[in-house]
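Go by the hints and put chain B onto chain A.
In order, the protein sequence lines correspond to chains A and B.
Counted the way the working numbering counts, the first sequence spans residues 42 to 193.
Counted the way the working numbering counts, the second sequence spans residues 7 to 177.
No wet-lab data here; the hints were simulated from the structure.
On a predicted model such as this, the values are computed, not experimentally measured, just so you know.
Treat the hints with care, as some may be off.
On the chain A side, residues computed to face chain B include the following (Cβ under 10 Å) [what the hints assert, rightly or not]:
1) 68
2) 82
3) 84
4) 86
5) 87
6) 99
7) 105
8) 137
9) 139
10) 142
11) 185
12) 187
All residues carry an ideal CB built from backbone N, CA and C; glycine is no exception.
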Amino acid sequence: LKNRIPLAVSKGQRIKVPGKSRNYILLNIIFAGIIICIIIYSGIFSPSRDNYPVQCIHEQVSGLSCPSCGLSHSFSYIIRGNIKEAAIWNVNGLRVFLFFVLQLVIRLSNLVYLKMVPGNTRRLVLFDISISVISFIIAFNPFIRYYITLLF
Amino acid sequence: MEENNKNTGQGMGVAALVMGIISFIVAFIPCIGMAAMFTAIIAIVLGAVGLSQATKASSPRGMMIGGLIVGVIALLVSITQLVLVIGLSENASFLGEKIEDVIKDIEHNVLDEIESGDFKIIIQDGKDKIEIESNIRLKELEDKLDELEGIDEDLINLEITIEEQDTIGGI
Numbered sequence: 042l043k044n045r046i047p048l049a050v051s052k053g054q055r056i057k058v059p060g061k062s063r064n065y066i067l068l069n070i071i072f073a074g075i076i077i078c079i080i081i082y083s084g085i086f087s088p089s090r091d092n093y094p095v096q097c098i099h100e101q102v103s104g105l106s107c108p109s110c111g112l113s114h115s116f117s118y119i120i121r122g123n124i125k126e127a128a129i130w131n132v133n134g135l136r137v138f139l140f141f142v143l144q145l146v147i148r149l150s151n152l153v154y155l156k157m158v159p160g161n162t163r164r165l166v167l168f169d170i171s172i173s174v175i176s177f178i179i180a181f182n183p184f185i186r187y188y189i190t191l192l193f
Numbered sequence: 007m008e009e010n011n012k013n014t015g016q017g018m019g020v021a022a023l024v025m026g027i028i029s030f031i032v033a034f035i036p037c038i039g040m041a042a043m044f045t046a047i048i049a050i051v052l053g054a055v056g057l058s059q060a061t062k063a064s065s066p067r068g069m070m071i072g073g074l075i076v077g078v079i080a081l082l083v084s085i086t087q088l089v090l091v092i093g094l095s096e097n098a099s100f101l102g103e104k105i106e107d108v109i110k111d112i113e114h115n116v117l118d119e120i121e122s123g124d125f126k127i128i129i130q131d132g133k134d135k136i137e138i139e140s141n142i143r144l145k146e147l148e149d150k151l152d153e154l155e156g157i158d159e160d161l162i163n164l165e166i167t168i169e170e171q172d173t174i175g176g177i
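Chain A with its partners taken away, still in its complex shape (with noise of 0.2 Å):
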């Protein structure tokens, strides 16, 4: 394995990258942009103006609000530091939030990382995916827990 995988690259030296790690990159590339996307989207459309492109499905078909209603209020006023205008909109908004910047912190680290130690990412992905599932399933838990309480 040490003859494999170079522990550290000096500046200039060329590596070639696994096809597996090329596809992890591009894969960790993607999911930041989606993130930063997310934020800017947060940041652009303002929650006095209200002026959000995206309207509610839910309360659309039903003519009942659901629990990520005024989601996006809420994204618009934590990246505006107002927490507790953020949580007036939406109680999940902040855990919910809180989830994007953790992967966008992982992803980010995942590419820092991969660049200075390129190689055999498996140990890497499994770590990724049981941080992600554990984020996921802590802050989308009140959308799962009404899910299930739709299905049942």
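Okay, now just chain B, sitting in the frame of chain A:
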């Protein structure tokens, strides 16, 4: 040549996995969960195409299988959300009628209770004081009160005449 074979369908696999994961996350957000079925279908199609290409070229298939599985789960969650929300909307209208019925029932019950309950009416004019205590029905109590107040028959007739005149005037 071998490198090319190894990479066959990998792009599709990455795209399938990305679409699948996005669909999976979106599917659990009630506001936009139903929209996830479109991205989930794209993920499934990309995964299936990538998987067939990778199988033909004997290249790694992990990403395509992952994308397919996540896409299928997201599609199922999304479709059930749609069905459940439509059901909820039907139930919601039914629920509205039911709530209305319950309110009417309560109103009737309260009125019945008032009508059949014990009453104590005190009429006081200076030193004169009349107390009516009764456990009879409200209608009977009202009649008794009318009797005590001594409503004049002529007064009732007068009211009827006035009403009739108003009607004629209105025409």
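**OP:** May I ask you to test the interface hint for residue 82 (chain A) with respect to chain B, counting a Cβ-Cβ separation under 10 Å as satisfied?
**Re:** violated, 13 Å
Original post:
Was the hint right that residue 142 (chain A) lines chain B, CB cutoff 10 Å?
Top reply: At about 14 Å, which exceeds the 10 Å cut-off, the nearest Cβ of chain B leaves the hint on residue 142 (chain A) violated.
Subject >> When the least beta-carbon distance from residue 86 (chain A) to chain B is tested against 10 Å, hint result >> reply: The hint is violated - residue 86 (chain A) has no Cβ within 10 Å of chain B, the shortest such distance being about 15 Å.
**OP:** Using Cβ atoms only, decide whether residue 105 (chain A) comes closer than 10 Å to chain B, and label the hint accordingly.
**Re:** Because about 6 Å separates residue 105 (chain A) from the closest Cβ in chain B, which is inside the 10 Å limit, the hint holds.
Original post:
Close enough to count: is the Cβ of residue 68 (chain A) nearer than 10 Å to one in chain B?
Top reply: Holds: closest Cβ of chain B sits about 6 Å from residue 68 (chain A), inside 10 Å.
Subject >> Hint check, residue 99 (chain A) versus chain B [nearest Cβ-Cβ separation less than 10 Å] >> reply: Interface hint status for residue 99 (chain A): holds (5 Å vs cutoff 10 Å).
Original post:
Should the hint that residue 84 (chain A) touches chain B count as held when the rule is a Cβ pair under 10 Å?
Top reply: violated, 19 Å
**OP:** So, residue 139 (chain A) near chain B? Judge it on the closest CB pair being under 10 Å.
**Re:** violated, 14 Å
Original post:
Is the hint on residue 185 (chain A) kept, meaning its closest Cβ partner in chain B is under 10 Å away?
Top reply: The hint holds - residue 185 (chain A) has a Cβ within 10 Å of chain B, the shortest such distance being about 6 Å.
Subject >> Residue hint residue 137 (chain A), partner chain B, criterion CB-CB below 10 Å >> reply: holds, 8 Å
Original post:
Should the hint that residue 187 (chain A) touches chain B count as held when the rule is a Cβ pair under 10 Å?
Top reply: holds, 6 Å
Original post:
Against chain B, is residue 87 (chain A) within 10 Å by beta-carbon distance?
Top reply: Where the cut-off is 10 Å and the nearest Cβ of chain B is about 19 Å from residue 87 (chain A), the hint is violated.
Checked against the numbered hints given earlier, the structure breaks hints 2, 3, 4, 5, 9 and 10 and satisfies all the rest.
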